[in-house]
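Heads up: the protein sequence lines correspond to chains A and B, in order. Heads up, the first sequence stops at 211 in the working numbering, and the numbers go up one at a time, no gaps. Heads up, the second sequence stops at 211 in the working numbering, and the numbers go up one at a time, no gaps.
It is worth saying that the hints were derived from the structure and are not from the lab. Treat the hints with care, since some could be wrong.
Chain copies aren't distinguished; within one or between two, either way the pair holds.
Under the rule of at most 30 Å between Cα atoms (straight-line distance), these lysine-lysine pairs were calculated in the DSSO-like manner [claimed, not checked]:
hint	residue 1	residue 2
1	Lys85	Lys128
2	Lys23	Lys58
3	Lys128	Lys58
4	Lys58	Lys147
5	Lys208	Lys128
6	Lys208	Lys147
7	Lys64	Lys128
8	Lys113	Lys85
9	Lys208	Lys23
10	Lys128	Lys113
There are 2 protein chains.
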Amino acid sequence: MKHRGILAVVSGFSGAGKGTLMKNLVNQYDNYALSISMTTRLPREGEEDGREYFFVSKETFEEKVGQGGLIEYACYCDNYYGTPKEYVENQLAMGRDVLLEIEIQGALKVREKFPEALLLFVMPPSAKELENRLTGRGTETPEVVSKRLRRAVSEAQGIENYDYIVINDDLEMCTQELHSIICTAHKSVGRNEEFIENMRQELNVLVKGEK
Amino acid sequence: MKHRGILAVVSGFSGAGKGTLMKNLVNQYDNYALSISMTTRLPREGEEDGREYFFVSKETFEEKVGQGGLIEYACYCDNYYGTPKEYVENQLAMGRDVLLEIEIQGALKVREKFPEALLLFVMPPSAKELENRLTGRGTETPEVVSKRLRRAVSEAQGIENYDYIVINDDLEMCTQELHSIICTAHKSVGRNEEFIENMRQELNVLVKGEK
């Protein structure tokens with residue numbers, strides 16, 4: 001049953017562990033392609049073009065928008081961020097499942113263009129645990145922690161737009177759960193119309209051959 | 001996340017291996033309860049009351065129908081067959097996932113009463129393989145094989161009413177796939193409203209406590 005890949009959109013609170021989960025999926029299974037965003041912001045130290053982001057000029061970005069080459073884009077802190085369409089389309093056509101880490105507003109825009117996309121929301125086991133993780137990094141000021149928690153409050157309002165929630169308590173288990181949800185989606189009746197139709201035809205041929 | 005169990009309705013062509021799959025699920029995982037049908041037909045040799053079926057008189061069956069005690073029932077070869085409601089309801093309330101093996105018409109009636117039921121359809125890898133399995137049993141006359149194939153043709157028309165199809169090529173793998181589909185269903189947003197609402201309240205408390 002080789003068919004079109006699934007576009008899995010992954011969102012979740014900052015501190016829920018999305019980034020590590022995406023890396024785990026790509027490293028542990030061979031059906032995934034990671035969608036890489038395009039941005040006009042400058043690369044930070046250690047960031048590589050084509051790995052963290054495609055770093056482009058404002059002109060190139062706007063040209064891409066004009067050509068309809070982005071699935072969605074947004075402006076954040078004076079910089080553009082967007083999802084290049086061609087890569088996603090190509091990977092899906094080759095039967096690979098594409099992982100797209102994106103915040104809620106972007107996720108909803110993706111669903112408009114790809115109604116069959118699978119929307120997954122990663123959550124910590126509790127709000128207290130989220131706070132612990134954000135504080136425990138030791139790299140964030142109390143103001144940043146507080147800002148992220150307030151952002152989580154606002155993002156939590158949109159969870160009903162998603163298909164599944166995954167609780168990231170144990171990283172390994174959560175990786176497996178995400179994989180399992182995406183594998184399950186491949187078995188939906190809607191994604192197997194061709195197989196079902198072939199089966200019907202084969203059965204008809206068998207029954208007619210008997211007579 | 002302890003919540004209500006899932007009613008998993010399993011259908012599929014005769015010869016697809018449903019019975020063995022149900023047994024495997026119950027034996028290998030501890031979250032399942034097998035729904036046992038009630039019938040007015042006489043027990044066959046080796047069958048036990050409460051294991052294969054609940055064997056009852058026509059009067060008892062009709063009384064049960066009158067009390068609304070069956071989720072669905074049908075008359076087949078002059079005998080009644082039905083699904084007792086109380087057992088299913090109790091198990092779901094205790095958080096156990098209930099497996100119900102039933103043909104298409106029954107499955108659709110179940111969905112009317114339990115719209116959140118998960119409808120799974122088990123298929124052989126190909127029509128030819130189905131024929132081989134039916135013939136290979138060695139116990140069926142060509143007439144019976146032919147009748148089952150014709151029944152498969154008619155049942156195949158209803159597959160679009162199901163949520164997922166599972167291909168039974170390798171029994172062990174198919175058991176795991178069924179289990180995985182049911183586990184995935186537990187993670188749907190709709191089945192986790194309470195958890196999501198709690199998370200929102202906890203986040204609100206945290207953010208307010210900070211000020």
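Going down the list of hints, with the structure as the test:
1. Lys85 <-> Lys128: Classified as neither: same-chain Cα gap 38 Å, cross-chain 41 Å, threshold 30 Å.
2. Lys23 <-> Lys58: within (29 Å within a copy, 61 Å between copies)
3. Lys128 <-> Lys58: neither (40 Å within a copy, 58 Å between copies)
4. Lys58 <-> Lys147: The answer is within: 28 Å in one copy meets 30 Å, while 68 Å across copies does not.
5. Lys208 <-> Lys128: Between. Shortest inter-copy distance 13 Å satisfies the 30 Å Cα cut-off; intra-copy 65 Å does not.
6. Lys208 <-> Lys147: between (68 Å within a copy, 12 Å between copies)
7. Lys64 <-> Lys128: neither (42 Å within a copy, 50 Å between copies)
8. Lys113 <-> Lys85: Only inside one copy: Lys113 and Lys85 sit 10 Å apart there, 43 Å across copies, limit 30 Å.
9. Lys208 <-> Lys23: Result: close neither inside a copy nor across copies, 51 Å intra and 34 Å inter.
10. Lys128 <-> Lys113: Neither. Shortest intra-copy (36 Å) and inter-copy (39 Å) distances fail the 30 Å Cα cut-off.
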